[in-house]
Every structure is written in C-alpha cells, then in structure tokens.
Amino acid sequence: MLSNVAPSVFNGLILGAFYAFVAIGLSLIMNLTGTINLAHGSFLTLAGYLAFTLVSKGTSFWFALILAPLLTVVVGVVIERLLIVPLYKRDPIFSLLLTFGLSLIAEEVYRLIWGPNGVPFSAPGILGGGISLGFMQFPTLRLFIAVVLAAAMVLLALFLWRTRFGLRLRAAIQDTEMISAMGTNIQVLYMVNFALGMALAGLAGVLASGLLGLSPTMGNALLMPAFVVAIIGGMGSLFGSIVGGLLVGLAISVTTLFIPAANEVIMYILMAVVLLIRPRGLFGTEGLFG
Amino acid sequence: MAEALLEAKNVSKHFGGVVAVNSVSVTIEQGSIYAVIGPNGAGKTTFFNALSGFYIPDGGQVLYKGQDITTMPNWQRVQLGMSRTFQTPSIFPELTVYENLLIGVQSQQKIAFKLRLPSAARKKEIDARIDELLGFVNLVHLKDRPVAELSHGSQRLCEIAMSLSVDPTIVLLDEPMAGLAEAETERIMRVIRDLHDRLGLTVLFVEHNMRVVLSLADHITVLDRGAMLAQGTPSEISNSQTVREAYLGQEVLNRV
Numbered sequence: 000m001l002s003n004v005a006p007s008v009f010n011g012l013i014l015g016a017f018y019a020f021v022a023i024g025l026s027l028i029m030n031l032t033g034t035i036n037l038a039h040g041s042f043l044t045l046a047g048y049l050a051f052t053l054v055s056k057g058t059s060f061w062f063a064l065i066l067a068p069l070l071t072v073v074v075g076v077v078i079e080r081l082l083i084v085p086l087y088k089r090d091p092i093f094s095l096l097l098t099f100g101l102s103l104i105a106e107e108v109y110r111l112i113w114g115p116n117g118v119p120f121s122a123p124g125i126l127g128g129g130i131s132l133g134f135m136q137f138p139t140l141r142l143f144i145a146v147v148l149a150a151a152m153v154l155l156a157l158f159l160w161r162t163r164f165g166l167r168l169r170a171a172i173q174d175t176e177m178i179s180a181m182g183t184n185i186q187v188l189y190m191v192n193f194a195l196g197m198a199l200a201g202l203a204g205v206l207a208s209g210l211l212g213l214s215p216t217m218g219n220a221l222l223m224p225a226f227v228v229a230i231i232g233g234m235g236s237l238f239g240s241i242v243g244g245l246l247v248g249l250a251i252s253v254t255t256l257f258i259p260a261a262n263e264v265i266m267y268i269l270m271a272v273v274l275l276i277r278p279r280g281l282f283g284t285e286g287l288f289g
Numbered sequence: 000m001a002e003a004l005l006e007a008k009n010v011s012k013h014f015g016g017v018v019a020v021n022s023v024s025v026t027i028e029q030g031s032i033y034a035v036i037g038p039n040g041a042g043k044t045t046f047f048n049a050l051s052g053f054y055i056p057d058g059g060q061v062l063y064k065g066q067d068i069t070t071m072p073n074w075q076r077v078q079l080g081m082s083r084t085f086q087t088p089s090i091f092p093e094l095t096v097y098e099n100l101l102i103g104v105q106s107q108q109k110i111a112f113k114l115r116l117p118s119a120a121r122k123k124e125i126d127a128r129i130d131e132l133l134g135f136v137n138l139v140h141l142k143d144r145p146v147a148e149l150s151h152g153s154q155r156l157c158e159i160a161m162s163l164s165v166d167p168t169i170v171l172l173d174e175p176m177a178g179l180a181e182a183e184t185e186r187i188m189r190v191i192r193d194l195h196d197r198l199g200l201t202v203l204f205v206e207h208n209m210r211v212v213l214s215l216a217d218h219i220t221v222l223d224r225g226a227m228l229a230q231g232t233p234s235e236i237s238n239s240q241t242v243r244e245a246y247l248g249q250e251v252l253n254r255v
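Same order as they appear, the protein sequences are chains A and B. Position one of the first sequence corresponds to residue 0 (numbering that gives the first Met the number 0), numbered consecutively onward. Position one of the second sequence corresponds to residue 0 (numbering that gives the first Met the number 0), numbered consecutively onward.
Just so you know, these hints were derived from the structure itself, not from any lab. Note that the structure is a prediction, hence the values are computed from the model and not measured. Errors might be hidden in some of the hints.
[To be verified] For each label pair, taking beta carbons as the anchor points, the in silico distance ranges come out as:
(1) D193(B) - M190(A): 52 to 60 Å
(2) A271(A) - D193(B): 19 to 27 Å
(3) A147(B) - L132(A): 44 to 52 Å
(4) G57(A) - E148(B): 38 to 46 Å
(5) D67(B) - R277(A): 32 to 40 Å
[Stated by the list, open to error] Partial list, derived from the structure: chain B residues whose beta carbon lies under 10 Å from chain A:
(6) Q60
(7) L62
(8) K64
(9) Q66
(10) T69
(11) P72
(12) W74
(13) F91
(14) P92
(15) L213
(16) D217
We put the CB at the ideal spot given by N, CA and C, even for glycine.
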C-alpha cells in the first residue's frame, strides 16, 4: 500500500507546488494593482518555449533555466508598461479583459511559431534517473523541481519580509496613496512587483515543461487551479497560497488513486468546503480592515 | 516679512462641469501655522491635493521656495521637504507602528532602493530616529503593535509621526481632527503646536472647526464653494463681516 500511496503523495505535492507558484504570482499582481492577470499562464508557457528554443539552439539546460525566466520578465514588463499601466486607475474589469485577450493572442502565436502539438523538452541526463528513498524510487527531476520551487519561495519571502523594498511593497498593498506620500515612486513598485510575478511564472514555466509537457495551453491549464488555490489559501496571503497549493495537489493525487473520475472536481469541492467554513480562505485577511 | 515657502497662485481645479476650486491663491510663509477652513464641499481637500501633488490643477501655479512644482509628482515633492497626511488616517494597518515609521525613515537614506540589509550601526541610528519620532507623539509604548489595533486618535498621531519621518520642512495635515473626540482633539492640537514651536516646522492644515483654527493658526484662508471668501490673521477673520454672514453663526463667534 505504502509503495502505491507514497509516490502519489509526492507527485501531488509537486503539482501543488506549481499551483502555489502560479497562485503567488497572481496574488502579488492582484494585491498591489487590482489586476487579475489572466495572461499569467501565457507568460509561463512563453518561458517554457523560450527555454526549449534556447536548448535546441545549443545552450545548456541550466543556462536556459536562468535566461528564459529573465526574458519572460523583460517581455512581461514591456507589456505591463505599454498596455496594463494605463488601466491601473480604471475598473479591474478592463485589465481583466485586456489580459484575457492577450492570453488568447499568445496561445495562437505559440501555435504559429512552435506548432499546435506539444514539443519534446526534456531535462538533462543528470536529472534523468531516480533516487532511492529506501521504500520507493523517486525521480531525480521531480526532486530537483521541488528543491528549486522551495528555494524560490524562501527567497521571495526573504525579499518581501527582510528588505526595505519588500517592506515598501507590503505597505503599498495596504495603501498606495500613503506610500507616495512617503516619497516612493509607486510606478517603480508596480513595475518591480509585476517583474517579480513574471519571474515566478517564468521559473515555473521552464520547470513545468519537463514535467507536464510543453504545449501552447500548458500555462493556461495551470491558471484555473491556481485561482482555486489562491481562494482556498485566502486572497493575498502568500503562506495561504503555499498551503492551499499543497492541499489541492495532495487532494488531486489521492483522489486519482482511489476515485480517478473525481480528480478534477475534487479541488472545487475542497474550495467549497473551505469557503463554507472560512469565507475569506484559510489565511486570508480581506475584509478585516474594511 | 518671512520668506514664502509654499505658494498657490490662482489655482483652479474642476471635475467635469463642477468647479471644485476656483482661482485660489495663498502664500504660506516659512515658520507659520496656516489654516484653510470652510464648510463641507468648500473645496478644501481638493485645494490641498493640488498643493501636495495628488491632483494636477487645471489652472494656476504651485510654487515651493520659488520653484514651480505645479506638475511635479507627489513623491518627488516629499524629497523637496513637503509631507502630508490624509483625512482618513492613511497608515499601513497590518504593519507595526515601528514598520510604518521605518518606511519613511529609510526613504531619507539615499539608499532606499538597495536590497542589502542595514548594518548594525545603521539599524541603531534608524531605531534611535524612530524612538525620537514616537517620543514626540507619545506612542513609544505602542511601537510593536500593529497599527490596526490602535485607537483612532493614536492612529492619527502615528500618521503625523510618519509625515515627520521623511524630514519635512512643511507638513500638510488634511483635517487632522476629523472624527475625534474632544480629548483627542486637544491632544492633536498640542502636537500641531509642538510641530511649530519645538520642531520649527511650517504647518498647513485643513479644518472645518472654527474654534480650532482660530486658536492654532496665525494665518487663515476661508473657502466657500471653491472660492476664497476671506484671508487674514485670526482676529481679521473673526471680525470679518463676510465670514460672519457666510460661514459663522454669531453664536460660534461669541464662544470664541
């Protein structure tokens, strides 16, 4: 039994970590600017394809793992500055429609450039094998992904809670007017915050390509679960997104094992239950301060 | 005559067809306590926002030490030496009192956007400055509490301390007494007087309570429906027939 359940649990946690990653990126952008970035998945896919192209042109996987997210940040910030910034002051529905449009355009562009079907993108040989954990064999790639995602989350938390820039970001989420009144250029905060979200999406994109398969819809497939995760964890709570992501991943993997047919609906059931008990999510504080 | 620190020349602002501020001019001298008073809807806050850069006026000019700052973004004005508070306390509720002040204190160190952690010596300096600011408004004992847990009056004081944390020359306070009980109003009034007397700052504040304005300010501008009704010293204002008729009840004046 253990040999059956344990790998599923591990895989579920890794899937959940991806959901959490995407959810955190979404929350960062939504908390500060009110923008619900429906193109978030598209940026994730873009990073995957950029890494694929870099590797097929002869760069090493490791280099692509760094460079592709950086390029995604550049593309993302250009789009933010040119298209999304003018909408920050307007009703959130405008930026939601814009980013929805962007995601549709992006999907077609990816189809045109890289073809409608998935492309093979595999991690280097060193990540190929498995590591014996005694009671089970665990694929090295998955372990690597888990370590990178965890390290990135720790870095993000350090950035937000230990640097003065992070303090400003956390403050700006609570009151953008006052942060200007304290002498900070809010546009710089918007830009860095968006870039941060893009970096998370980019990193997740490259890592997901090797695991979930790189196709034009890869990122968008992660978007819906990410929203569910953000709601379960509590909108705006970083820690909540992590817990929510791992919970959803776990629930999906365990359900797949016992009632495969229900593995898609389980996250919605989980969300409904959480919202019934705690309407603002597990760690959400929204509504607390009006 | 002291030097003009902040000047508004024929400042106007309209929203659609509504004229919120109509050609208002004020000259705030260095070292004065200046009040803008008027009933609700008189355009006080709009005028205030035009001075602090939260609105760009449709007409007229704003000058700071003679420099035209009419279209300068608000955050740059902070670096010139202007800081402001808001009518509803604008604080960061989930951060502690200490962290709220840290933001302003750090912004004064030209390394605000660097990511490295402050050295031990630097941190000591910052902490000393924060203690000094909290001492000024008497909030030292609440230093590590989230601001959301503070009383309304203490939140106001925290916001005033925040506006001081950026080392201003002039502090602009938007209805600092709004929604406060009598005892708390007294407390804020004492702090405003201290800003001037002890710290040597120039103060501009917006208020609708005539008693407060007459006892604190040395210069007053009365606004009514967006326009200037009167301007002068407290005695000139309280003796002005126009002000009496348009804004004050005789009864209010008798109490003063």
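Can you name, in rising order, the numbers of the hints this structure does not satisfy?
1, 2, 4, 5, 6, 7, 8, 9, 10, 15 and 16
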